[in-house]
Structure formats: C-alpha cells, structure tokens
Amino acid sequence: MLTDQTILATTATVLIFLGLVVMFYSRNLLKTIISFQVIVFGANLALFSSGLGGVSNLMANTLVLFSIIVGGSVEAIGLALIVLIHKEYGTLDPWKIRRLKH
Amino acid sequence: MMPVEVTLLLSAALIVTVIAALFSRSMSITVIMLFYASLVLGIIFTLYQGVLVGLLHIITFAGAMSVILLTAVLMTGESDLNIGNRSLAAVLSAVTILVVAASSYSLFSGAPTSTVPSPDATMELLSFVWTYRPWDLLILIIIFAGAMISLVNLFSKKER
Chain L
1 MLTDQTILAT
11 TATVLIFLGL
21 VVMFYSRNLL
31 KTIISFQVIV
41 FGANLALFSS
51 GLGGVSNLMA
61 NTLVLFSIIV
71 GGSVEAIGLA
81 LIVLIHKEYG
91 TLDPWKIRRL
101 KH
Chain P
1001 MMPVEVTLLL
1011 SAALIVTVIA
1021 ALFSRSMSIT
1031 VIMLFYASLV
1041 LGIIFTLYQG
1051 VLVGLLHIIT
1061 FAGAMSVILL
1071 TAVLMTGESD
1081 LNIGNRSLAA
1091 VLSAVTILVV
1101 AASSYSLFSG
1111 APTSTVPSPD
1121 ATMELLSFVW
1131 TYRPWDLLIL
1141 IIIFAGAMIS
1151 LVNLFSKKER
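Order-wise, the sequence lines are chains L and P. Going by my numbering, the first sequence wraps up at 102, each residue one higher than the last. Going by my numbering, the second sequence wraps up at 1160, each residue one higher than the last.
Think of the hints as simulated: they come from the structure by calculation, not from any bench. Cβ coordinates follow ideal geometry from the N, Cα and C atoms, glycine included.
Derived Cβ-Cβ restraints for the label pairs, each shown as a range:
# : chain 1 : residue 1 : chain 2 : residue 2 : range
1 : P       : Ile1139   : L       : Pro94     : 28 to 34 Å
2 : L       : Arg27     : P       : Val1100   : 33 to 39 Å
3 : L       : Met1      : P       : Met1148   : 43 to 49 Å
Here are the simulated SDA-like cross-link-like pairs (lysine to any residue), alpha carbons at most 25 Å apart as the crow flies:
#  : chain 1 : residue 1 : chain 2 : residue 2
4  : L       : Lys87     : P       : Ile1029
5  : L       : Lys87     : P       : Leu1070
6  : L       : Lys96     : P       : Thr1071
7  : L       : Lys96     : P       : Arg1025
8  : L       : Lys87     : P       : Leu1074
9  : L       : Lys87     : P       : Ile1068
10 : L       : Lys96     : P       : Gly1077
11 : L       : Lys87     : P       : Phe1155
12 : L       : Lys87     : P       : Glu1078
13 : L       : Lys87     : P       : Ser1066
Facing chain L, a subset of chain P residues (Cβ under 7 Å, in silico):
#  : residue
14 : Ala1072
15 : Arg1133
16 : Leu1154
Kindly generate the complete structure, drawing on both the sequences and the hints.
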C-alpha cells in the first residue's frame, strides 16, 4: 500500500543517499556544503514523515524545528570557513589545499 | 489528507531539483535549484499540517541560506552569474512568478484551502516545545548564538 508516509520516507532516503555520494566524490568545498544541506533536507523529511502515521506529530515537528536551526547554523559557519580558506589558499579543491599546507 | 498523487508529484519535484543542483556544472544553476528544492520541501511540510515548520524552513533555507550561499559563491569567484541559457532563465523566472502569484491568490482570495495556517496547530506546537522541551530550546538558542558569534569572529578584520 502506497501511503504518504512511505513516499516521503523513500524521498528522504534518496536525498540522504544523493548527498552522501556527492559529498564523497566532490572536489569542491562549496559542493560539499551543498551536499550537506541536501542531507539535512533528507533528515528533516525523514523526521517529519515519521510523525505522519501517529495520532500526534508534535514531537516530530519539534525535532524538525530544532534540526532546521542546527543545520542552518552549521552551514553558515561552513560557508564562512570556505570563504576564509579560499582567501588563504586560493582554491577550493581539498586535495590541492592538503598539498599547499605542507 | 492530501491525495497520494500530490505527494508523488512534490517528491518527484524535490528529487529532480536536488539532482539538478548537485550535478549541475554551473554554480549559479546549483544555487537556483537549491532554492527551489528548499521551497518545495517547505511546501511539503506546510501541506501536511506542519505550517510552522514549513515557514521556518522556507525562511531559513530558501531565504537566509540562499543569500549566504550566493555571497560565498560570489566571494570565492566560483561563478560569474552567467547561467548560459537565456530561455532557461526566462522559464525559471516565469515559474517563480507563477508560484508566487498562485500562493498569493490562494491566501488572499478567501477560497477554502487546506494550506491556511491553523492558529490552534501552531500554538499547540509552540506550547508543546515550551512545556516539554524548554532545555532543548535553551541549548538551541546557545548553539545559534554561538554560530553567529563564530561567524562574526571569522569575518572580523582584527582576528585576521
């Protein structure tokens, strides 16, 4: 039986998987942060869909609320660090940054 | 409850926008598609009675994070804001204008719709958080304040 909860949970799984794949294979720090944001989207959707089947979804909504703020804070700091890294090393490729460091 | 077809359509739209954002060669397309993905996810939350969550999601990710991401892209010189195809830009602009127009019409026309925020549901969630999760709320505020202070410190000239 195809329910809303199943569809949203499957979508969340796909989002998390896509984010992880791009995070592992990307050679650009901006793409890494963007894939982190996609993983946060997937986690939020999974939390939200877990509350759809029950009588009350207040707890799920509360967790999503907290997850949004924590995800936004982490992403803002990550982007600020990326700007500073680019000013320091002149590149966003993590492999080149590792070579320049030594 | 919403029909399953609507859920399928919104989920497909979310996956397509995320794939376009992650696998696009142009960083401008990536930022635009990520904005649309945030918008679609906020609409999903709103349609399933998570009005407060959906609103906060749109404000945070489609609003603030998109601006910060665009600023980071411009400061690092990863994009010259050329999306390459003018017809694509026209289509994206038309879609954005249509979405905003349809949302405005459904909100202000007085037509019966299931997406009108219910004050009871919002107050119920807020009172639940305030009553049962006050310490989590405090920790959350500390995390957010710490993030903002770190951000200011990272960009301050004195530190550099």
